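Chains as they are written, first to last, in this note's numbering: chain A, 6 to 326; chain B, 7 to 283.
FYI, nobody ran anything at the bench for these hints, they're computed from the structure. Predicted model, so just to flag it, every value in this text is computed and none were measured. For every residue, glycine included, the Cβ atom is placed at its ideal position computed from N, Cα and C. Don't take each hint at face value.
[Unchecked claim] Simulated coverage check for chain A against chain B, where a stretch passes if three residues somewhere in it have a Cβ under 8 Å from a Cβ of chain B:
#, segment
1, 22 to 28
2, 202 to 209
[Stated by the list, open to error] Computed list of chain B residues with no C-beta within reach of chain A, every gap over 10 Å:
#, residue
3, Pro70
4, Pro90
5, Ile94
6, Val259
[Stated by the list, open to error] Covered stretches of chain B, going by a simulated chain A footprint (3 or more residues, C-beta under 8 Å):
#, segment
7, 120 to 126
8, 203 to 209
Given next are the chains, with one letter for each unit.
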Amino acid sequence: MNTVLQFNSMTEKKINWSETLLTGLTLFFTVVPFLTVILILIQVLVQGLPAISWTFLSAAPRDGMMHGGIFPCIFGTVFVTLIMIVMALPMGIGAGIYLVEYAGQGPIVRVIRAAVNNLAGVPSIVFGLFGVGFFILFVGRSIDTVLKTGLLFGQPCMLWAAATLAVLVLPIIIVSTEEALNAVPQSHRQASLALGATKWETILNVVLPQARGGILTGAILSISRGVGETAPILFTGAAYFLPHLPAADLFGVIPMVNPASQFMSLSYHIFVMATQSIDPVKTLPIQYGTTLVLIALTFLMNFTAIGFRIHFRRQQEKFSH
Amino acid sequence: MREQTAALSEVKIQSKISEQETLLNPTSVLVETKDLSVHYGTNLALDQVNIQVREKTVMALIGPSGCGKSTCLRTLNRMNDMIPGIKISGRVEIHGLDIYAPNVNAVNLRRVVGMVFQKQNPFPKSIFDNVAYGPRLNGLKNRQQLAEIVEVSLTRAALWDEVKDRLDKSAMALSGGQQQRLCIARCLAVNPEIILMDEPCSALDPIATAKIEELIYQLKKDFTIIIVTHNMQQAARVSDDTAFFYMGKLIEVDETRKIFMSPSNKQTEEYITGRFG
Ligand SMILES: Nc1ncnc2c1ncn2[C@@H]1O[C@H](COP(=O)(O)OP(=O)(O)OP(=O)(O)O)[C@@H](O)[C@H]1O
Ligand SMILES: [Mg+2]
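The following block holds chain A by itself, in its conformation from the complex (with noise of 0.2 Å):
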């Protein structure tokens, strides 16, 4: 009877008004943001791909920037966030082994953790302008006196402008590294110390091949974040229009990149070409053009990110059944 009686109640159809309107109203938040996503890119990719081609790839802007390519752009991108990565790497990792492994919960430790947490929040054109009052008037003149080399370094370069976003992107390796490293199980650690391993003996085979795949996804995401930014290289680096690109022969002869040049940049030149160019309803395709250039450069980079992370995931498999 009872049974019977619960059984009525299951399927009596009751509809409770209240509990649809929140699932609706919680699905339809998340489809918005989803479909703006998709819409920008049907945009960019619509607009964007009929300015694409070698030329606009491999040659650099003329006529007032109102024709030719983009190539000193892609360059000066791709190598003002390879120069940020090689500076932010180490530092990064460097901070995040010394948080997890070494420094304990002391009060000094606990603030060091609120700061680079906080760093992360902070606007990047304020960035931008600790760029400009750091590296180029105290770092950058500071070298020039000492050094006597007149005005060389104390002024807005690729280097600088690379150290800008290298300190951009610091509490994102930081932060994945602490991740990695805490998700290495302390079981371990001890198994090596009890083996009369050292700290850092440790850290090195032990810790650190557990939570390579954790840092590498850190590294690319901050590149991918990296190569996107516009206000941190704004004042510290960037160029309006550079008619030759940032290189020089090292003793003549060796091609390489010139870090204390200026340079032309992706996400400064969609800026420069939507704002202050003669005509910026004629040069639209080549704001389209470059943006969808950007975007694909970050997508490559996220891309690769998942790949890393699914790549490491299957080794750390094979040995963690």
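Got chain A sorted already, so can you dock chain B with the ligands onto it with the hints?
Relative to chain A, chain B with the ligands alone:
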């Protein structure tokens, strides 16, 4: 670095001396604690413990949960050093050498005093790399020599026949009992004199446990073993001496036979017969 080597060689030299002593006196004391007390912050975990472990014997540490067995064990290879707020007083002597003396390097000490943990903890590396880990730390690179050490260690740990065809496979694919024997092999590869075991069978089934116990019996010929266990039968089966701890105090220590047949302390008797703990 030179200081470390000096400290290590001191231990080795001492061990040479004791080898000769052993010939004359087969039950010479290898490990001795003198008024050993340990505080975690203000919490007293070990209270003036005096214990002697004879060479090439098995000492079992028993007692109810939280009585300080693990704490005592981990002072012997200084694995407690890193715990913040810990205070260790008294002496721990190995071959008569105070291991807490300023010139003793804890890293080198741990090559003489190996440890096997409660939960088997192989590295997510191949079986070979797990066993070769310690020797490689000591700078051994020669593949041939490493292979020899790996084979000898795995054989001693009664695991060689089960894994010899898959040395390059992950250690994580082994069963729990095999993993624990691998951890023992990994410990043996460093060639320690003393092996500390903290409830090495508590995560294993009865068959795997029996294998480890058999192994302990074999290892006793070459090593001095100190084992923490909650299993009274196990203590009775594998150990020569037994120490009973209660609330940080060493209540009674004697030959296992005597502890189990005729304990002189009432608390010991109550614990062994299962009336508390
Ligand atoms: N890292 C630590 N920090 C603070 N107190 C600790 C720490 N480790 C152990 N203690 C305390 O020291 C006392 C002894 O602990 P210990 O781990 O040595 O006991 P045990 O005999 O091994 O117990 P069990 O049988 O449960 O493993 C306990 O009161 C415990 O709470
Ligand atoms: Mg314990």
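Hint by hint, here is what the structure shows:
1. 22 to 28: violated (count 0)
2. 202 to 209: Per the Cβ count (3), the hint holds.
3. Pro70: Holds, since 24 Å exceeds 10 Å.
4. Pro90: Since the minimum Cβ distance to chain A is about 7 Å, proline 90/B lies within 10 Å and the statement is violated.
5. Ile94: Per Cβ check, isoleucine 94/B is outside 10 Å of chain A; nearest 17 Å; holds.
6. Val259: Since the minimum Cβ distance to chain A is about 25 Å, valine 259/B lies beyond 10 Å and the statement holds.
7. 120 to 126: With 4 residues close enough to chain A, the hint holds.
8. 203 to 209: As far as the segment 203 to 209 of chain B goes, the hint is violated, because 0 residues have Cβ atoms under 8 Å from chain A.
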